[in-house]
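**Q** According to mature numbering (1 follows the signal peptide of the UniProt record, and there is no 0), the stretch in the sequence shown is residues -27 to -1, 1 to 272, in order.
No lab work stands behind these hints, which were simulated from the structure alone.
Be aware that one or more of the hints could be misleading.
Below, in silico cross-link-like pairs of lysine-lysine (DSS-like), each with a Cα-Cα straight-line distance of 25 Å or less [said to hold, decoys possible]:
1) K135 - K246
2) K119 - K129
3) K130 - K120
4) K223 - K165
5) K159 - K95
6) K245 - K182
7) K116 - K246
8) K177 - K129
9) K182 - K116
10) K177 - K166
11) K95 - K116
12) K137 - K177
13) K177 - K242
14) K119 - K242
15) K119 - K95
16) K182 - K95
17) K116 - K177
18) K177 - K165
19) K135 - K182
20) K95 - K177
21) K4 - K135
22) K165 - K99
23) K137 - K242
24) K116 - K135
25) K119 - K246
26) K245 - K129
27) K246 - K129
28) K242 - K129
29) K182 - K137
30) K242 - K166
31) K137 - K120
32) K116 - K242
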Amino acid sequence: MSSLQLVFPLVLIFNLIFIIQHYSCDAQDLKRCRFDAIYQLGDSISDTGNSIVEIPQAYHARFPYGQTINKATGRPSDGLLMIDYIAQSAGLPLLEPYENPNSSFSHGVDFSVAGVTASTVKTLIKWHIPLPYSNNSLSVQVKWLKKHLSTFCNVKKDCHTKLKSALFMVGTIGANDYDFAFFQGKSIEDVKKVMVPRVMQTIKTAIQKVIDYGAFRVVVPGIFQLGCTPSLLTAFSSNNSVYDARGCLKDYNDFFMYHNNHLQVALQKIRKKNPHVRIIYGDIYGALQWVLDNLSNLG
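Using the sequences and the hints given, assemble the complete structure.
**A** Listed below in structure tokens is the structure:
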């Protein structure tokens, strides 16, 4: 595995360690934080195999996906995902997918599904946005979480105690809402005006429910520079004026930063409502920016 394949997850882990240290977790690595479980909600960035249970013929159910770990596990990656590196750094087993009946959930669960949106299917249909991949949504994953927690604790009685040492990851989420809208011809300004406020409210509602279920430490990653991805570059290529110095789509990357800025404002409001909970913004955009800025030194 090349240094570039490893460095992005490691940068994210470093950021996670730093911000947990800031919130009084005395950590040289995530093992010092003594997490006993990780619960992950999100999309393809963290899907360890749920989507191939729903769609066995999915593209990432076979090689070349998983080739660097010699097994196609259903991860939309040639190997491990960022959540896998976070689990390893915390000294925990890799998270197994919720929808696989053979999974072990002794140290957490992965509820993520590739292609998932923050918005419900009903909401997207109302906006005339079809779903090409999954009928899943963030609210469905929150229901899965509640159902799973009910197998070993009572949300109204003792979940807060039993989940004291658990880490909850909510996201990344929302990127597919926007991508699907853009691919349907929606303008950036229309998406800002119509979708962003509602996506923010959906994420806020989900986070609050996770807290109500007993979460004490919550990390909410933003969205990275999707304007640098082949799908957007192919769909929206134009004259050189729309590209930045790295050949990425500047207006789209500015949009995802717009989402991230609004997400941070939303998290601040949730913190004020829940001062006993450590709610941390995961700067995935900044982590990737560091990688892009240091490409010449990373091999």
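**Q** Would you mind marking each hint as holding or not holding in the structure?
**A** Checked hints:
1. Between the alpha carbons of K135 and K246 the distance comes to roughly 22 Å, so the proposed pair stays at or under 25 Å and holds.
2. Restraint check for K119 and K129: satisfied, since their Cα atoms lie roughly 11 Å apart, inside the 25 Å limit.
3. Taken as a hint, the K130 and K120 pair is honoured in the structure, with Cα atoms around 15 Å apart against an allowance of 25 Å.
4. Of the pairs offered as hints, the one joining K223 and K165 holds, with about 16 Å between alpha carbons and a cut-off of 25 Å not exceeded.
5. With a C-alpha separation of about 18 Å, the suggested pairing of K159 with K95 holds against the 25 Å cut-off.
6. For the given pair, K245 sits about 15 Å from K182 by alpha-carbon distance, which is consistent with the 25 Å threshold.
7. Between K116 and K246 the CA atoms are separated by roughly 22 Å; this keeps the pair inside 25 Å, and the hint holds.
8. Taking the CA atoms of K177 and K129, the gap is near 20 Å; set against the 25 Å cutoff, the hint holds.
9. With a C-alpha separation of about 10 Å, the suggested pairing of K182 with K116 holds against the 25 Å cut-off.
10. Annotation: proposed proximity of K177 to K166 holds, straight-line Cα distance about 18 Å (limit 25 Å).
11. This hinted pair checks out: K95 and K116 have alpha carbons roughly 17 Å apart, not beyond 25 Å.
12. The straight-line distance between the Cα atoms of K137 and K177 is roughly 21 Å, inside the 25 Å bound, and the hint therefore holds.
13. The suggested pairing of K177 with K242 holds, with an alpha-carbon distance near 9 Å, which does not exceed 25 Å.
14. Distance hint between K119 and K242 is fulfilled; the C-alpha atoms sit about 23 Å from each other, no more than 25 Å.
15. For the proposed pair K119 and K95, the alpha carbon gap of about 22 Å is at most 25 Å, so the pair holds.
16. Under the criterion of a C-alpha separation no larger than 25 Å, the hint pairing K182 with K95 is consistent with the structure, at around 20 Å.
17. For the hint pairing K116 with K177, the CA-to-CA distance comes to about 15 Å; that is within 25 Å, so the pair holds.
18. With a C-alpha separation of about 17 Å, the suggested pair K177 and K165 falls inside the 25 Å cut-off, and the hint holds.
19. About 17 Å separates the Cα atoms of K135 and K182, which keeps this hinted pair within 25 Å; it holds.
20. The hinted pair formed by K95 and K177 meets the criterion: a straight-line CA distance of about 19 Å does not exceed 25 Å.
21. Straight-line distance between C-alpha atoms of K4 and K135 comes to about 19 Å, which keeps the hinted pair within the 25 Å bound.
22. Only pairs whose Cα atoms come within 25 Å are accepted, and K165 paired with K99 is accepted, the gap being roughly 17 Å.
23. The suggested pairing of K137 with K242 holds, with an alpha-carbon distance near 22 Å, which does not exceed 25 Å.
24. For the hint linking K116 to K135, the alpha-carbon distance of about 19 Å falls within 25 Å, and the restraint holds.
25. The hinted pair formed by K119 and K246 meets the criterion: a straight-line CA distance of about 21 Å does not exceed 25 Å.
26. A hinted pair counts as satisfied when its Cα atoms are at most 25 Å apart, and K245 with K129 qualifies at roughly 22 Å.
27. Restraint check for K246 and K129: satisfied, since their Cα atoms lie roughly 18 Å apart, inside the 25 Å limit.
28. Between K242 and K129 the alpha-carbon distance is near 23 Å, which keeps this suggested pair within the 25 Å criterion.
29. Proximity of K182 to K137 is assessed by CA-CA distance (about 16 Å); at most 25 Å being required, the pair is judged to hold.
30. Our distance criterion of 25 Å between C-alpha atoms is met by K242 and K166, whose separation comes to about 20 Å.
31. Distance check on the hinted pair: K137 and K120 sit about 18 Å apart at the alpha-carbon level, within 25 Å; holds.
32. For a cut-off of 25 Å, the pair hint linking K116 to K242 stands: about 23 Å separates their Cα positions.
Hint violations for this structure: none, all hints satisfied.
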